[in-house]
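Participant: Starting from the known structure of chain A, arrange chain B on it as the hints suggest.
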Amino acid sequence: MSVKLGVPSKGRLMQKTFDWFADRGVGLRKSGSDREYAGAVDGIDGVELVLLSAGEIPRELAAGRIHLGVTGTDLVREKLAPWDTYVSEIAQMGFGRADLVLAVPNCWVDVDTLDDLDAVAAAFRAKHGFRLRIATKYHRLVREFLRDNGVADYQLVDSQGATEGVVKNETAEAIADITTTGDTLRANHLKVLSDGMMHRSQATVLKSKTAEWGIDEKSVLAKFEEMIL
Amino acid sequence: MTRLLKTVAEATRIATAFETAGAVRVETDILQPAETLLDLYGEDIRARAYTTQDPLKGEQMLRPDFTVPVVQMHMDVGAEPARYTYSGKVFRRQEDDPNRSSETMQVGYEVFDRDNPIAADAEVFTVIRDALGDIKLNAMTGDIGILTAAVQGLDTSDARKNALMRHIWRPTRFRRLLDRFSGAIPMSASRKAHLELKLPLELDVPQIGLRSQSEVEARLLNLKAEADVPPLSENQVALIEGLLKLRETLPNVLSKLHDIAVDLPSIANAVDVFAARIDALADRGHDVENLMFDGAYGLTQMEYYDGFVFGFTAEALIEQPVATGGRYDALTRVLGRGASIPAVGGVIRPELLLSVKEGAQ
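Going down the list, the sequences are from chains A and B.
No gaps in the numbering here: position 159 of the first sequence is 392 in our numbering, and each next residue is one more.
No gaps in the numbering here: position 137 of the second sequence is 212 in our numbering, and each next residue is one more.
Extracted from the complex, chain A is given alone in its bound form (with noise of 0.2 Å):
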C-alpha cells in the first residue's frame, strides 16, 4: 500500500507546490506527455502523486481516496463542515496567499464597517423590495461570518468568476471575494470594508483523517513529515 498525495494539477499552484516539496527533497513531476495526469515520485518510497482539481482536493481528502493534500484553507473550510474533523493541516507553504473578504462599491462613502452594510441593507430593502445581494462562491464562510457578525436583510448571489464586475453590471450590490493585492477590486472601483477580513488563505499540506492509516502508511508519513517539515 502506498501513500496517495494529492496535487493540483496545473499552472502555478502546481509549480510552486512541486518547487517547495523539491526544495525538501521531494520530487514531484508529471510523467508520460505533458497534457497526461499521471505523476511521479522521486526521494522517498511510498508515496503515490495523484493530480487533481485544488478545487476536488478538500473533498477527496475528506472522503479518505487520497491520505495528504496540497490546497488552499479556504477551499477546504468552505468545502467540508467541520473541516477539522475531516482534515488536519500539517505545513503551510508559503504561497498561494490570498484573503477573503467583503467589497462595497468606492461611492458608498457612508460605509466602511459591517455595522454600516447592516444599516444599508435595512434601508436597501426598504427601498428596493429585495435584499441586498452580495456575490460570491465562499457561501458556507460568508454566510457564517455575517451570522456571526448579525448582519441580515442580505442575500448571496452565486459567482463563479469575474465577481468584481457584478456590482457595475448591477447583478448584486457587494461582493465576498478572494484578493492577493486588492488591485482587482480597485480597478472595478470597490474597496473592502475595516472589518471585512473573512479568512486569510495560503496553500497548505493536509492530512486526510478519514483515509486508511495502516502500519505502512503510518511509517511513510513519517518519513515525509521529517523531510518536509
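In short, the hints are calculated from the structure, not lab data.
Note that the structure is predicted; figures quoted are calculated from it, not measured.
A couple of the hints might just be wrong.
[Claimed, not checked] Partial chain B-side listing against chain A, Cβ under 10 Å, derived:
id, residue
1, Asp114
2, Glu118
3, Ser177
4, Thr179
5, Ala238
6, Arg245
7, Leu252
8, Gly284
9, Glu290
10, Leu298
11, Ala300
12, Asp303
13, Val304
14, Pro306
15, Asn310
16, Gly360
[Stated by the list, open to error] Distance condition first, Cα-Cα at most 16 Å in a straight line; then the derived EDC-like pairs of lysine to aspartate or glutamate:
id, chain 1, residue 1, chain 2, residue 2
17, A, Lys360, B, Glu301
18, A, Lys360, B, Asp129
19, B, Lys432, B, Glu85
20, A, Lys312, A, Glu281
21, A, Lys237, A, Asp278
22, A, Lys451, A, Glu281
23, A, Lys237, A, Asp317
24, A, Lys360, B, Asp347
25, B, Lys320, B, Asp334
26, B, Lys267, B, Glu301
27, A, Lys312, B, Glu170
28, A, Lys442, A, Asp278
29, A, Lys370, B, Glu118
30, B, Lys299, B, Asp279
31, A, Lys312, B, Asp171
32, B, Lys164, B, Glu85
33, A, Lys424, B, Asp279
Backbone N, C-alpha and C fix where the C-beta goes; we use that ideal spot for every residue, glycine too.
Facilitator: Leaving out everything else, chain B in the frame of chain A:
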C-alpha cells in the same frame, strides 16, 4: 417494531390527542418555495434547510417547519376560529453536529383565534403538556411581548427603536446596538469622518451599482440626525438587561415586572397580559408557583415568535427540547398579505419523546 414504525405510532397517538382537543387534521407540501422562507428567515435558513432546484418552479426547500405553510393555508382559505393539527417530517441540514438527525417527525397543534389570545396561550400549553403524557419534563416559559414593549418604550429616537426591534432575535447584535446607543462603545473614527462629509456629495469616484447617490446622502443625513440623539441612559439599558436576565418562577417574575414597570410604563399592558396568562394557566391546573420563566427564552432559535413562548425538556436531553411552541401574531401579518390574526401553536417531536420515555424505564 423498527424505530421508524414506533415513531410513526407515537406520532399518530399524539395527533389523535390533538384531534380530540378539537383540531382539524391538515397536510402541507414537502416542497416549499424558497423565496418565502428566505424573505422571512434571511439567508441563514440556507444553512439549515435543504434547497433544491426545480426547472419550472425555481428554488424550492424541503419544509424546515410546518408553521409557515400552515399559516399560509389558513390565511388563504381558513375559517375563523380554527384549530389545526399536522404530523410529518421536517428537514434540517446539520452542518455542525453529525449526530443530529436531518429529518425529524413533528406533530403540531395550532390555534387561530381572535377572541381570547391569553386563553389560547394557556390552551396550547395545556394540550401539548397533556399529549406528552406523565413523563418528567422541565417546562420553561418566556414572553417576547414584554421585551418588545420595553424597547418601544425606551426614551430614544424611532430609528434606534426600529434598529433594536429588527435585531431582537440576534442577541449579540442587539447587545452591540445597546452599547452603541448608550455610548458604551465610543463613536468610531470612520463614523466621525462620515459625519464630516459635506452634502450634497461631490464625489471623485464613479457611481456604480443600484444603490444611488441619493440613498447614500439619505443615510448620511440619518447618521447626522442620529449623532444628535442623546445617549440612551444607563438606567434604561439596565432595565432591558434586567428583563433579559429574569430567570425565576412565574409569581416572582410578576412581582419583578411590576417593579420594572414603574420605571418603564410602556410594558404595563404586556405585564397585564403576562399576569392574566398566569391565571389562565392556573385555571387549567398548572403548578404556576413552580413554573419557570426565562426573560431571554425563544430569542435565539425561534425567529417568528413574538409573545408567549414555551418548551419542554428532559434532564438527559437539555440541548433538544421534546416540545416547543409560542405565539406568532406578526407572522400571520407578514404572510397574510394585509390580513392578520392572533395565532399560537406548538410541536412535539415524537422521536425525542420516545427516547426520553425509554430512558425513564
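Participant: Is the shortest C-beta separation between B:Glu118 and chain A less than 10 Å?
Facilitator: Holds, because the Cβ-Cβ distance from B:Glu118 to chain A comes to roughly 6 Å (cut-off 10 Å).
Participant: Interface hint check: B:Glu290, Cβ to nearest Cβ on chain A, cutoff 10 Å. Holds or violated?
Facilitator: Holds, about 6 Å.
Participant: Interface hint check: B:Leu298, Cβ to nearest Cβ on chain A, cutoff 10 Å. Holds or violated?
Facilitator: Holds. Min distance 7 Å.
Participant: For the restraint on B:Arg245, tell me whether the closest CB of chain A is nearer than 10 Å.
Facilitator: holds, 5 Å
Participant: Could you grab the alpha-carbon distance between B:Lys320 and B:Asp334 and see if it respects the 16 Å cut-off?
Facilitator: holds, 15 Å
Participant: Tell me if the interface restraint on B:Val304 is satisfied: Cβ within less than 10 Å of some Cβ in chain A.
Facilitator: Nearest chain A Cβ about 15 Å off; hint violated.
Participant: Is the shortest C-beta separation between B:Ala300 and chain A less than 10 Å?
Facilitator: violated, 13 Å
Participant: Given the proposed pairing of A:Lys451 with A:Glu281, does the C-alpha separation stay at or below 16 Å?
Facilitator: Distance of about 14 Å is within 16 Å: holds.
Participant: Are the Cα positions of A:Lys312 and A:Glu281 separated by 16 Å at most?
Facilitator: violated, 24 Å
Participant: What's the verdict on A:Lys237 and A:Asp317, does the C-alpha distance respect the 16 Å limit or exceed it?
Facilitator: Measuring from Cα to Cα gives roughly 20 Å; hence the hint is violated.
Participant: Given the proposed pairing of A:Lys360 with B:Glu301, does the C-alpha separation stay at or below 16 Å?
Facilitator: violated, 20 Å
Participant: When the nearest CB of chain A is found for B:Gly284, is that gap smaller than 10 Å?
Facilitator: holds, 4 Å
In this structure, the earlier hints numbered 3, 4, 11, 12, 13, 14, 15, 16, 17, 18, 20, 23, 24, 28, 30 are contradicted, and the remaining ones agree with it.
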